[in-house]
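Given the coordinates of chain U, work out where chain L should sit on it, guided by the hints.
In order, the protein sequences belong to chains U and L. Residues in the first sequence are numbered consecutively from 1, following UniProt numbering. Residues in the second sequence are numbered consecutively from 1, following UniProt numbering.
By construction, these hints were calculated from the structure, which means they are not laboratory data. Glycine included, every Cβ here is placed at the ideal spot set by N, Cα and C.
Interface residues of chain U toward chain L, partial, derived using beta-carbon atoms under 10 angstroms:
(1) Ala32
(2) His34
(3) Gly39
(4) Ser110
(5) Leu112
(6) Tyr131
(7) Ala132
(8) Gly154
(9) Gly163
(10) Ile165
(11) Met168
(12) Asp169
(13) Gln172
(14) His190
Here are the simulated distance ranges between beta carbons:
(15) Pro155/L / Thr133/U: 29 to 35 angstroms
(16) Pro155/L / Arg146/U: 17 to 23 angstroms
(17) Glu137/L / Ala64/U: 41 to 47 angstroms
2 protein chains.
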Amino acid sequence: MTQTRKRGPRGPYHSGREAQRAILDAARAVFAEHGFRGGVLRDVAVRAGVSAANIIHHFGSKEALLTALLAERDMGGSLMLRTSPAGFIAELRDLVRRNAADPDMIRLFSTLAAEATAPDHPAHEFFRERYATVTQETTTAVETAREEGVLPSGPPADQIAAGLIAVMDGLQTQWLLDPGFDMVAAFDAHLTAIGAD
Amino acid sequence: MTQTRKRGPRGPYHSGREAQRAILDAARAVFAEHGFRGGVLRDVAVRAGVSAANIIHHFGSKEALLTALLAERDMGGSLMLRTSPAGFIAELRDLVRRNAADPDMIRLFSTLAAEATAPDHPAHEFFRERYATVTQETTTAVETAREEGVLPSGPPADQIAAGLIAVMDGLQTQWLLDPGFDMVAAFDAHLTAIGAD
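Isolated chain U (complex conformation) (with noise of 0.2 angstroms):
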């Protein structure tokens, strides 16, 4: 396992598990940075103080990459809306504060999911799966909200649901331009212009 003991600025790694990690970490970085599309894989090897062809040992390809990152745990958790019947508004106050402690993945995800609207991108099929059933799952929240009078009777709550995952990634977008805006404020405004309790 020659290439696992490669030195670099993090190596070098005793373990196909610790490089796999370090390619995980860059390629995570380099992506924020410059998309997938713009991300060269050479800056992913230098980053993580490998090779690109042992890069493409441990995932195969550079799309296979791609698949790994979005599949780990940050991201699907912090994607996902923990949503509990018992307690939607405030699951969701909490989800926007996560992020907010979360710049560099906020970022990983806003260009990812604006570059993979693309239908022939490799993550295409991944953001649609992953909206499809946020979307899902937050207008049941909506719908037994509604019930428990914690949101007002309305438009109908899939349209509600849509609307609330639109305003979290567009203010994302917003914070970070400008990281000096304050999107938990402005996401709180929004809860309480749309009357929930």
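Same frame as chain U, now just chain L:
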């Protein structure tokens, strides 16, 4: 002016203006699909039917080509809220309808805005200023709409403005990922939810 007569898919061009138009159209398509950083000047050249050197001749650099593209009328028109105190809500609805008719422009804007959140991106300042201006204008429009009773009072106007801009941006991502998603209906539902009259 040999270069403006160079033959290609769209050539020959009989004037520098024709060639510039073809290059801008090609750049819009390539950057919309791959982002600015992922977009390759050579692909712009092939699509426009000119040489990469010809693009440099006309625009100076890849960054300057992006700047020229962003400064274009269509781009500005679609980004900017054409606020008029008399019909703010109508203007918002109209803006979303216009955007829904122009997926390519919206894809370009979404992708560039996301990657331009990186401080070293050549369009970073452009988007920072754009959002600052649009937020300022929308805040004023929200204040006027409240005075006229078209929007209810509530949280600070600048936060409501940020939410309106965010929901428009976020719905675009959902619509680009799933062309069957009705972002016009979702936006109308959002306006109803915040009590717009």
